Amino acid sequence: MIARFVNIASTRAMRRQDEVDLTSDWRAGWVSAIVMLPQAVVLAALAGMPPETGVYASVFPVIVAALIGASPRLLSGPNTAVAAMVAAALTPLAIPASGEYVALALALTAMVGVVQLLAAAARLGRLFDAMPDWIIHGVTLGVGLMILATQLPVVLGVLAVPGEAPWVSLWHAAAGLPRLNPYSVAVASISVVAALAAKRVRALRGTLLVTALVAGAVTTLTFDCLFGADTVNLDRVGYLALSIFPASMPEVSWDQFYVLKQLAQSALGIAFIGALQTLIIARSIARVGDETANPNRELLAQGLANLVASFTSGFAGSGSFNRSAAHVNAGARSPLAAVLSALILFGLVFAAGPLLAQVPTAAMAAALILVGWGLVRATPLRLLRRNGAWSLASTLIVALMVVAAGLEAAVLWACAGGIAVLIWDRASNREHKKHLSAS
Amino acid sequence: MRRVSLSWALFTALWIVVTPAVSAPPASLLSSKLPNIEELPQDKYGDLVRQGYRIFTNTPEYARRYSGNTLSCSSCHLDAGRRPHAAPMWAAWGMYPAYLARSDRVNTFEERVQQCFRFSLNGIAPPLDSHEVRALVAYSQWLARGKPAGVELAGRGFPTVARTGSDPNPLRGKSVYAERCAACHGENGEGRKDTGPAVSPLWGMESFNKGAGFQRIDLLSGFLKANMPLGSANLTDQEALDLAAWITLQERWPDPRKGLLRGLLER
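Top line first, the protein sequences correspond to chains G and U.
Residue numbering for the first sequence is 1 to 439, as defined by the numbering used here.
Residue numbering for the second sequence is 1 to 267, as defined by the numbering used here.
By construction, these hints were calculated from the structure, which means they are not laboratory data.
Everything numeric in this text was worked out from a predicted model, so none of it was measured.
Watch out, some of these pointers could steer you wrong.
[Unchecked claim] Derived lysine to aspartate or glutamate pairs resembling DMTMM-like cross-links, with alpha carbons at most 20 Å apart:
| id | chain 1 | residue 1 | chain 2 | residue 2 |
| --- | --- | --- | --- | --- |
| 1 | U | Lys193 | U | Asp104 |
| 2 | U | Lys258 | G | Asp255 |
| 3 | U | Lys193 | U | Glu206 |
| 4 | U | Lys44 | G | Asp230 |
| 5 | U | Lys258 | U | Glu61 |
| 6 | U | Lys174 | U | Asp194 |
| 7 | U | Lys210 | U | Asp255 |
| 8 | U | Lys174 | U | Asp255 |
| 9 | U | Lys210 | U | Glu152 |
| 10 | U | Lys210 | G | Asp230 |
| 11 | U | Lys174 | U | Asp104 |
| 12 | U | Lys193 | U | Asp237 |
| 13 | U | Lys210 | U | Asp104 |
| 14 | U | Lys44 | G | Asp255 |
| 15 | U | Lys44 | G | Glu100 |
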């Protein structure tokens with residue numbers, strides 16, 4: 001089966017490119033697998049899903065999206081904003097990581113896939129392409145701020161309350177200060193410091209999160225040796241139970257229509273944000289001669305990838321900006337590189353299982369804080385200001401709404417706002433044209 | 001159910017200090033009606049309890065993420081946590097939160113479950129809000145339905161073996177082990193899992209660590225006296241004490257309350 005995938009990928013690649021440089025694809029596959037490994041586990045935690053599902057979501061849908069998508073160097077899979085949205089959608093309905101929660105996540109992922117497929121069939125790709133930038137910038141900035149706020153109590157070793165608005169976490173952290181776990185704070189700080197130090201070392205560049213997680217696990221094991229696991233008292237990822245072919249069936253019960261209604265609403269938002277991000281990334285990494293001007297094909301690929309995720313125990317994803325960027329920098333040329341990276345990742349997880357089991361939650365929180373800080377820093381506030389005060393204000397309003405009212409509400413309002421702006425532009429354009437023809 | 005004894009840790013210690021010794025369980029206690037897992041309703045509560053039951057009786061599979069050896073909860077809490085004098089869950093449920101001398105603070109039931117994972121299962125403590133802890137709490141609560149809370153129920157924890165006037169002797173314990181236990185638990189306490197009903201390992205890498213309650217002679221001997229050999233518990237007080245002395249002398253993982261470095265060097 002693997003051979004067939006590779007075959008399809010390479011023939012596609014050959015068709016696309018004059019020369020296929022296998023070694024550079026192979027190298028990019030390795031780099032991307034190493035970048036993807038920590039994200040798989042960390043983003044699963046962000047989505048409230050068991051770590052195994054993060055691994056599956058970084059393997060099967062990634063292969064499908066790479067083989068079908070229009071952009072040959074785009075890497076899909078779990079995405080920060082989408083993972084946060086999955087958690088926002090499901091925490092009111094079930095307890096994170098429980099069987100019920102996973103079942104709902106599968107149903108939600110399938111719905112996201114169907115919505116994106118319908119959008120592709122209706123040729124709505126252009127609509128996404130025309131959406132104003134402030135929606136996605138506002139949502140990513142908001143997700144970044146939200147992650148920073150919600151991971152703070154985890155760093156302190158204080159149990160978070162799932163399903164609260166993000167700003168409440170800050171209050172939880174403050175209220176939990178007297179009972180903070182000093183070992184947890186130490187592990188998280190060492191993880192962050194190690195990752196920042198790794199940034200300065202050329203050989204370790206791009207492995208920010210791996211460094212954070214490894215440093216956290218090593219620190220925890222050292223603490224165990226010195227003070228004992230019971231004294232240190234840190235939660236860990238735990239032993240993974242991976243299967244080579246994790247078949248699953250997304251099921252929805254028509255009896256629980258109120259759940260379905262809520263899921264469908266969330267699926268719309270997730271499909272929208274996922275598609276929007278994917279198209280922006282595809283545009284930004286496009287080379288001359290790429291067929292990226294095909295947003296409908298990209299939508300189709302994302303929809304199929306999400307459907308595949310729901311049948312292989314994964315969860316919703318989209319194009320990933322940081323992974324695609326690393327992928328391109330490492331010299332990826334064809335979809336083969338993405339397929340290789342997914343397969344290498346799968347192998348790596350089996351090999352890294354024992355170490356992964358010892359990764360403490362505090363190090364995961366540290367990794368997420370790095371991710372969140374990255375999102376906040378990546379927001380091009382200056383560029384937005386140049387586009388006009390209105391664009392900057394909308395971005396900030398969406399971001400603040402995420403923190404104050406939660407991701408779900410903010411995304412739905414941002415969608416509505418974006419569509420309203422489109423209609424308004426269209427209407428005023430028509431007015432303008434009428435004006436021109438009249439004069 | 002041919003599983004042997006393992007841990008139930010320190011709260012029993014406290015209890016043993018305050019309560020007089022129990023010799024044999026009264027007949028009324030054994031015959032009292034215990035809830036049957038088949039009677040559970042098919043709803044969300046029933047599902048959670050059933051998941052708790054599965055974790056309880058097959059921990060390495062259903063709580064694989066946090067389990068560190070081949071023992072299950074029901075290795076020590078016999079009959080899926082229902083048997084009196086084998087630390088039944090129905091008697092433990094109503095007694096928490098409780099002060100535990102080991103941690104010198106008041107522990108909740110959930111924290112007590114975490115300790116079982118860390119010591120007896122030699123694994124990783126599951127987070128307090130994890131699915132595993134919630135399922136086990138639900139199962140315990142279900143077993144305790146209809147029982148008074150906050151009352152010391154007869155059959156709670158493990159009985160205390162009366163003083164025999166002679167010290168526990170591990171060498172005598174060794175020969176008792178060879179005679180009475182080795183047939184099921186193996187010459188080297190390795191247990192059995194390939195043929196016939198599974199039998200828990202008593203020491204070695206796959207058994208409880210040195211921080212577990214059963215590493216204490218008083219708790220282990222009480223359990224042995226009340227429950228072993230399984231189905232026909234007939235050890236004398238002295239035999240139970242000698243056996244406990246022998247079993248606790250064997251090699252096992254160090255106590256996670258101490259640093260691993262210190263734990264490996266110390267007994």
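Right, here's what the structure says about each hint:
1. U/Lys193 / U/Asp104: violated, 38 Å
2. U/Lys258 / G/Asp255: violated, 53 Å
3. U/Lys193 / U/Glu206: holds, 12 Å
4. U/Lys44 / G/Asp230: Distance of about 33 Å is beyond 20 Å: violated.
5. U/Lys258 / U/Glu61: At roughly 28 Å apart (the allowed maximum being 20 Å), glutamate 61 of chain U and lysine 258 of chain U break the hint.
6. U/Lys174 / U/Asp194: violated, 25 Å
7. U/Lys210 / U/Asp255: holds, 5 Å
8. U/Lys174 / U/Asp255: Violated, at about 24 Å.
9. U/Lys210 / U/Glu152: violated, 28 Å
10. U/Lys210 / G/Asp230: Holds - the C-alpha atoms of aspartate 230 of chain G and lysine 210 of chain U are around 12 Å apart, at most 20 Å.
11. U/Lys174 / U/Asp104: violated, 35 Å
12. U/Lys193 / U/Asp237: Distance of about 29 Å is beyond 20 Å: violated.
13. U/Lys210 / U/Asp104: Within the cut-off at roughly 19 Å; holds.
14. U/Lys44 / G/Asp255: This hinted pair holds, its Cα atoms lying about 14 Å apart.
15. U/Lys44 / G/Glu100: With a Cα-Cα distance of about 9 Å, the restraint between lysine 44 of chain U and glutamate 100 of chain G holds, given a limit of 20 Å.
Checked against the numbered hints above, the structure breaks hints 1, 2, 4, 5, 6, 8, 9, 11 and 12 and satisfies the rest.
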